Amino acid sequence: MGQLTIASGLFLLCASFFAGFVDSIAGGGGLIQLPALLIGLPKTETVTVLGTNKLASVFGTATAASLYRRQIKPEPKVLIAMALPAFIGSAAGASLASRIPTSSMRPIVLVLLIVVAIYTWLKPDLGKIELLKHHSTRRIQIAIAAGAVIGFYDGIFGPGTGSFLMLVLVASLGYAFITASAIAKVVNVSTNLGAILIFGIHGAIIWQIGLALGVANVTGAVLGSRLAIRGGSTLVRKVFLIVTVALIIKVGIDTFQSF
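Numbering follows this note's numbering, with no gaps: position 229 of the sequence shown is 229.
Where hints are given, some of them may not hold.
[Unchecked claim] In silico lysine-lysine, DSSO-like type, Cα no more than 27 Å apart, as pairs:
| hint | residue 1 | residue 2 |
| --- | --- | --- |
| 1 | Lys238 | Lys123 |
| 2 | Lys73 | Lys238 |
| 3 | Lys73 | Lys128 |
| 4 | Lys250 | Lys123 |
| 5 | Lys250 | Lys43 |
| 6 | Lys128 | Lys238 |
| 7 | Lys238 | Lys250 |
| 8 | Lys133 | Lys238 |
| 9 | Lys133 | Lys77 |
| 10 | Lys123 | Lys73 |
| 11 | Lys77 | Lys128 |
| 12 | Lys133 | Lys123 |
[Unchecked claim] What follows is a set of in silico ranges between Cβ atoms, one per label pair, in the way DEER data are often shown:
| hint | residue 1 | residue 2 | range |
| --- | --- | --- | --- |
| 13 | Arg99 | Gly231 | 39 to 47 Å |
| 14 | Arg230 | Ala7 | 33 to 41 Å |
| 15 | Leu211 | Thr234 | 34 to 42 Å |
| 16 | Leu131 | Cys14 | 34 to 42 Å |
| 17 | Ala7 | Lys77 | 47 to 55 Å |
| 18 | Arg70 | Met105 | 33 to 41 Å |
| 19 | Ala7 | Trp207 | 16 to 24 Å |
| 20 | Ile242 | Gln208 | 31 to 39 Å |
| 21 | Lys77 | Ile249 | 34 to 42 Å |
| 22 | Arg230 | Met105 | 30 to 38 Å |
| 23 | Lys133 | Thr234 | 17 to 25 Å |
To be clear, the hints were calculated from the coordinates, so they are not data collected in a lab.
All of these numbers come straight from a predicted model, not from anything done at the bench.
Every residue, glycine too, gets a C-beta built ideally from N, C-alpha and C.
Can you make the complete structure from the sequences, with help from the hints?
Written out as structure tokens, the structure reads:
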């Protein structure tokens with residue numbers, strides 16, 4: 001904690017609070033918290049910043065998942081089928097995070113996020129009501145594949161993970177946005193834990209900072225989850241679009257700056 005000034009500490013706590021608030025509604029908390037950590041810890045290796053970010057995030061995500069589960073009951077089989085491969089995929093991705101240049105992934109992620117935003121915008125009724133697609137076995141198969149791929153992506157890079165999870169759950173499986181958000185939170189807990197395991201083994205986490213920010217993240221997650229549950233799928237869809245557009249701008253800027 002000695003590398004932080006009081007001003008930097010307060011800045012990071014505020015950022016973590018708002019990250020937890022936004023992330024609990026529709027994902028995208030990393031859009032706020034990760035850049036804040038990069039600014040607040042300028043002399044820290046990027047992989048350690050990533051690990052510290054995951055530690056801070058897992059508390060808020062777990063809190064949001066718990067609050068959602070009290071009100072919303074998605075299929076347990078789909079939930080488990082998506083969360084377990086996501087854990088394994090994230091651990092695998094995190095183990096490669098320091099070896100593979102993530103700059104090469106930005107153009108692909110940018111295109112995918114634009115597709116997500118356009119698709120959601122053009123379908124105003126998407127995710128308003130729950131209309132499950134496919135039979136149960138097929139839904140589980142899709143959940144397993146999506147969990148593994150998106151989990152790996154979250155461990156190695158991360159931006160847009162919530163958007164990709166939500167799109168699969170809403171567009172491919174037919175869940176309402178509010179239910180998709182509840183499932184995505186559990187899956188995000190799994191990806192965070194998988195990454196934390198690997199980052200922790202390699203000493204790439206500043207535990208004191210991560211735990212302190214985790215408290216602020218939880219506070220934001222409690223407020224955001226309660227607001228989302230009251231606002232339902234309509235609110236979640238609006239925040240989802242805002243977060244996805246913000247991610248497009250952020251990843252777009254990073255992509256063109258790297259050229």
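Verification of the hints:
Between the alpha carbons of Lys238 and Lys123 the distance comes to roughly 12 Å, so the proposed pair stays at or under 27 Å and holds. Between Lys73 and Lys238 the CA atoms are separated by roughly 22 Å; this keeps the pair inside 27 Å, and the hint holds. With a C-alpha separation of about 17 Å, the suggested pairing of Lys73 with Lys128 holds against the 27 Å cut-off. With a C-alpha separation of about 24 Å, the suggested pair Lys250 and Lys123 falls inside the 27 Å cut-off, and the hint holds.
A threshold of 27 Å between alpha carbons decides the hint, and for Lys250 with Lys43 the separation of about 22 Å falls inside it, so the pair holds. Between the alpha carbons of Lys128 and Lys238 the distance comes to roughly 11 Å, so the proposed pair stays at or under 27 Å and holds. Annotation: proposed proximity of Lys238 to Lys250 holds, straight-line Cα distance about 19 Å (limit 27 Å). At roughly 23 Å between alpha-carbon atoms, Lys133 and Lys238 fall within 27 Å of each other, so this suggested pair holds.
Distance check on the hinted pair: Lys133 and Lys77 sit about 15 Å apart at the alpha-carbon level, within 27 Å; holds. A threshold of 27 Å between alpha carbons decides the hint, and for Lys123 with Lys73 the separation of about 25 Å falls inside it, so the pair holds. With a C-alpha separation of about 23 Å, the suggested pairing of Lys77 with Lys128 holds against the 27 Å cut-off. Taking the CA atoms of Lys133 and Lys123, the gap is about 17 Å. The hint holds against a cut of 27 Å.
Separated by about 42 Å at the C-beta atoms, Arg99 and Gly231 satisfy the suggested range of 39 to 47 Å. Judged by the Cβ atoms, the range 33 to 41 Å given for Arg230 and Ala7 holds: they are separated by roughly 35 Å. Between Leu211 and Thr234 the Cβ separation comes to about 35 Å, which falls inside the hinted range of 34 to 42 Å. A beta carbon spacing of about 40 Å between Leu131 and Cys14 agrees with the range 34 to 42 Å that was offered as a hint.
Separation of Ala7 from Lys77 is about 48 Å and conforms to the stated range, judged on CB atoms against 47 to 55 Å. Separated by about 36 Å at the C-beta atoms, Arg70 and Met105 satisfy the suggested range of 33 to 41 Å. Between Ala7 and Trp207 the beta carbon distance is about 22 Å. The supplied range of 16 to 24 Å therefore holds. Between Ile242 and Gln208 the C-beta distance comes to about 33 Å, which sits within the given range of 31 to 39 Å.
Evaluation of the 34 to 42 Å hint for Lys77 and Ile249 yields a pass: the beta carbon distance comes to about 37 Å. Separation of Arg230 from Met105 is about 36 Å and conforms to the stated range, judged on CB atoms against 30 to 38 Å. For Lys133 paired with Thr234, a C-beta distance near 21 Å keeps the hint of 17 to 25 Å intact.
Every hint, counting from the list given before, is met by this structure.
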